[in-house]
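*Asks:* Model the full structure from these sequences, guided by the hints.
Protein chains: 4
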Amino acid sequence: MFKVAVLGATGYAGKELVSILVHHPYARPYYITSESFSGQRFDQVYPEFRAVCELPLEKLDLKKVAACDFIFAALPHGLSVKEVPKLLETGKKIVDFSGDFRLKDASLYPTWYGYEHSSKENLSLSVYGLPEYNREQIKKAKLIANPGCYPTSVLLALKPLLAEGLIETEDIIVDAKSGVSGAGRSPKQAYHFPECTENFKAYKVAAHQHTPEIEQELSSVAGKTVTLLFTPHLVPMIRGILSTIYVRSAAGTDESAIRAAYQKHYIDEPFIRLLPPTELPETKHVSGTNFCDLAFRLDPRTGRLIIVSAIDNLVKGAAGQAVQNMNIMMGWPEEAGLK
Amino acid sequence: MFKVAVLGATGYAGKELVSILVHHPYARPYYITSESFSGQRFDQVYPEFRAVCELPLEKLDLKKVAACDFIFAALPHGLSVKEVPKLLETGKKIVDFSGDFRLKDASLYPTWYGYEHSSKENLSLSVYGLPEYNREQIKKAKLIANPGCYPTSVLLALKPLLAEGLIETEDIIVDAKSGVSGAGRSPKQAYHFPECTENFKAYKVAAHQHTPEIEQELSSVAGKTVTLLFTPHLVPMIRGILSTIYVRSAAGTDESAIRAAYQKHYIDEPFIRLLPPTELPETKHVSGTNFCDLAFRLDPRTGRLIIVSAIDNLVKGAAGQAVQNMNIMMGWPEEAGLK
Amino acid sequence: MFKVAVLGATGYAGKELVSILVHHPYARPYYITSESFSGQRFDQVYPEFRAVCELPLEKLDLKKVAACDFIFAALPHGLSVKEVPKLLETGKKIVDFSGDFRLKDASLYPTWYGYEHSSKENLSLSVYGLPEYNREQIKKAKLIANPGCYPTSVLLALKPLLAEGLIETEDIIVDAKSGVSGAGRSPKQAYHFPECTENFKAYKVAAHQHTPEIEQELSSVAGKTVTLLFTPHLVPMIRGILSTIYVRSAAGTDESAIRAAYQKHYIDEPFIRLLPPTELPETKHVSGTNFCDLAFRLDPRTGRLIIVSAIDNLVKGAAGQAVQNMNIMMGWPEEAGLK
Amino acid sequence: MFKVAVLGATGYAGKELVSILVHHPYARPYYITSESFSGQRFDQVYPEFRAVCELPLEKLDLKKVAACDFIFAALPHGLSVKEVPKLLETGKKIVDFSGDFRLKDASLYPTWYGYEHSSKENLSLSVYGLPEYNREQIKKAKLIANPGCYPTSVLLALKPLLAEGLIETEDIIVDAKSGVSGAGRSPKQAYHFPECTENFKAYKVAAHQHTPEIEQELSSVAGKTVTLLFTPHLVPMIRGILSTIYVRSAAGTDESAIRAAYQKHYIDEPFIRLLPPTELPETKHVSGTNFCDLAFRLDPRTGRLIIVSAIDNLVKGAAGQAVQNMNIMMGWPEEAGLK
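Taken in sequence, the protein lines are chains A, B, C and D. Counting the first sequence from 1 gives a position; our numbering is that position plus 245. Counting the second sequence from 1 gives a position; our numbering is that position plus 245. Counting the third sequence from 1 gives a position; our numbering is that position plus 245. Counting the fourth sequence from 1 gives a position; our numbering is that position plus 245.
Among the hints, erroneous ones may be present.
Note that identical chains are pooled: a pair holds if it fits in a single copy or bridges any two copies.
Here are the computed lysine-lysine pairs in the BS3-like style, where the Cα-Cα straight-line distance is at most 27 Å [what the hints assert, rightly or not]: (1) LYS433 x LYS449; (2) LYS387 x LYS509; (3) LYS327 x LYS385; (4) LYS584 x LYS433; (5) LYS349 x LYS338.
In short, the hints are calculated from the structure, not lab data.
*Replies:* Below, the structure written as structure tokens:
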């Protein structure tokens, strides 16, 4: 059996990962860690796992990690940057969930993440783990920076359009909405049920740390610098992200060209669903799945193209994509454990 | 203007109280306290009160309390028992929201509340502030023990039946369900939105501290000891309590006798609504109001009578009832500020 | 007592209106109609109104309307256009909730509302009832076209900026999110609880009938044609609208100029709250109130200004604004019944 | 491939069944029917199934059913009683989701289901498909009456206690709470999101059609007639049932005897989880699974035993249990497709 380490197993992304791995055909969670809950079993923290996964939660111990065949690090931002260099010394392949190895330009970290990056050499080593962008590099990677949830929803929506030159690179606006699990598992006033339910709000307007991540990857596809306006919102639901993306279509772009671009790029993608012209994505339709659903409208009145994209923030936006990356890295069928 | 002190204004009951008082025809919140948020204004803690109530939150200061005309203490259990004796020295009338002065038998506190009662002399001074039970005593009271939310919903359902001897005093079972605001405002894992929404559970089965409070008051009406089985549950909604109460009807009791008993006792009660025979209470129908809605079914198959009772836990179950008590104590119309 | 007719009292806007009117200091609901529920009492349709408003629901009868002092028509789009001309013959002042008299250009109705307008002469008679735009005209109006919920949230956000020339009139994008009550009271698959809760979606992308209404009013303020891109979304909550508005700031506009413009225009407005620089609106903060909360961020990276606006769609977005209009039309204090 | 017919595939139970079957190791949905949606594909009705199950929905055609290897009938009560006799003529094994073949005493149908039973001979043929009660009979059955959701939650809680004589058969009270999917997929006023969310209510008090079903099976275990008081409630959540069951413990029964009884009966049951003494079931812990979680409290004050039971109403309460039955009937591992 292929032994997997899950570091930080009790956050929502870690939990979702364990949930996928217990049904994976080739791999099994073997060593799972939690600093806060070490000493308890996984099913004591999450009783839904009683009789399903009753592994003990341990404090992170590099020797035990080294005894595994593969490493998932679902640690908080700012901690991964410290732990991953040590994990790399084990020689095992790693998928890191944090933002700590996603930005190639280390100078962005103080501004957007609030810390000075201490492992710059590994920024070039890491591969941004969005299979629809980087599948070939992922195959050979030692360290995957698993994409952020918001970036996944935006990047999948825009790649074919930028690659085919169908939209302008200026003035892209992303209005994104996420379920509350995106805010993590720690209880806070803002996510206390009576305050959070029956409420809707924007947060970190034009200031969210996923902004430079999206810009970096879009710029890479476009071949020039893309600047983004990104506004996230909080939806009173557990899981799901819906991004409404406003772009300017290039001169001469029509609906059939857009549809053709999506089909060309995504025809063989197992987890992208382009919806028929009259339909629109809903987060419920991708809930619990690794799918990204996409639809678009071209507005003749303003010349704007609107793309709507839906994913499950914990699956395609985190744990599902991480497993997809592992499958690619190990040469397994890409959908293993994900359908 | 009649100046009111609200001690502990930032809990949910305190907030609801402020919300009622800003529209009260005779009284106004004047001095409001919070240990956690002192130094901020009320509308900084609750932005919905911007331009509505912008009073500063202060730490509790007895001199400032003494400058008010009336005192509401919405302090936690175990703290009220220490503060209320000092508040009484101001000579002002007090409505205390906590459980600390509800039980006449001080020996129950260690078992049910986990502390030794330090102000036993005031247990006999205090009046249990359920107007439908104790209106005459409330008029003359110096210290009101404002009833618990669950007890209010149960006591209003049973008083006419016990008073008229229509039910047995043995084997009363209360299965109660409350919205999450009943658990208070402090963020905790169990009330974190992603854990609390789309979930339902029982808690403190046969062990909730409201049990002896209900028993005390029912026994008083029945004229003999009533023992209760009480199970509370948590509903994924903000506010509301629905209690389903199973009692054994006395020999010969029929539906018309039950209906007549309710009508006799509640015909002049402004906040009790007995529903027509085919309807049942729903928490939404009493949300934001001081009403208690009641309905019953007599089951010929088992001889059991089932009463269903609904209140808003923050209004009739807390702040609304507190204001009703103030109105009675001050000789104002009982519905002032509550309709 | 000032007698008010509410035509279409059982929709959510009609219900909210009744709820406000029963506590209004000068007016009372007197004659309420419903085609679907005539023959029942209001509290049979909405049991929360038992002992609060037990008026009978009747079919629309012009003679009975004429016996009232004021008319609110909360009828569906397409029906108002037929009924309002007859209502006008009573000589009573009217506030119409529908979109049927909001657009001055009758030629827009076939495209956006799907019908040919049959009462064009009254389009010029009607006054668009947004007090912050048209207070003086409202005072003298015979027929008020009460604004749409989305338009209210957008127009209040943009008026001071357009009036002061601080933003460009090109390329305004509105990404709006509404609670489910905005979709009305009729049960439909999309709003069935198990399908609607734990879901988020866009709808009518770049095709919502509120688009020309917003454009008309913005153009009026700007003094030139404004074209809008408008995308509404459905939030799994009962009430509330949050609009995130993306505009291009004019050359030289800075934050202090924007704040000054809001303050200049809204300093005396009783229902507009401009938030401090670090805060953002949340729908819960305006829930059940007639307030519109506003905040903005100027993004130096893209030169875009983002304004966030929150209202309660049933209050400032419908019934509250309607009552505000009545108060103005009758010369009563504008906040009567609304605080 | 083992071909499965799903009759009535677009109700919530049918949908859940399809969802399980697409991942079943031995069987596949092959022929799926819907009277309302015939002519559409399954993924047009449920877009989450795009690229997962795109079978056409057809009107029921017995010849096509006969071409399948196994039949699930997820038809409404009152329709199954007419269709099942014809289905039996195909000679295929059938699991029927309705209540139409659950009651052995045909005379109960007019009272509890409102119709005269037209297929009485098949009432004795059918086997009540609760594996923990009837596994041996299920193995040989031609027609399974798949248990109701509420009955499943109650029967699993009580079997060991009745079988071991640890509780009295008199005065059993069940207070049950269900998510809204239990009410089916048809839009109705009571389940319209704005009316259903933030609300809690009882319904069909002492009058629910699952009452005689529970009594029948409990009586069978107890060896004498058991009469039940059963009250269902509606919880604002999609899925899950929690039953709080009040029984009288037999003289001398203590906690260890109760725990021992559960362990004796359920030690080898793959889908029953008896919780440790300090824990209580929550619906979220069984959501999406075929588990039934059980816990109990013995109340020394009243002599009552309280058992709390949680299942997913759509899985162990419907589709999961149906697949479990198929697995048993076909001699496959009982957990196939269910873990």
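*Asks:* Taking the earlier hints as the rules, which of them does this structure contradict?
*Replies:* The structure breaks hints 2 and 4; every other hint is satisfied.
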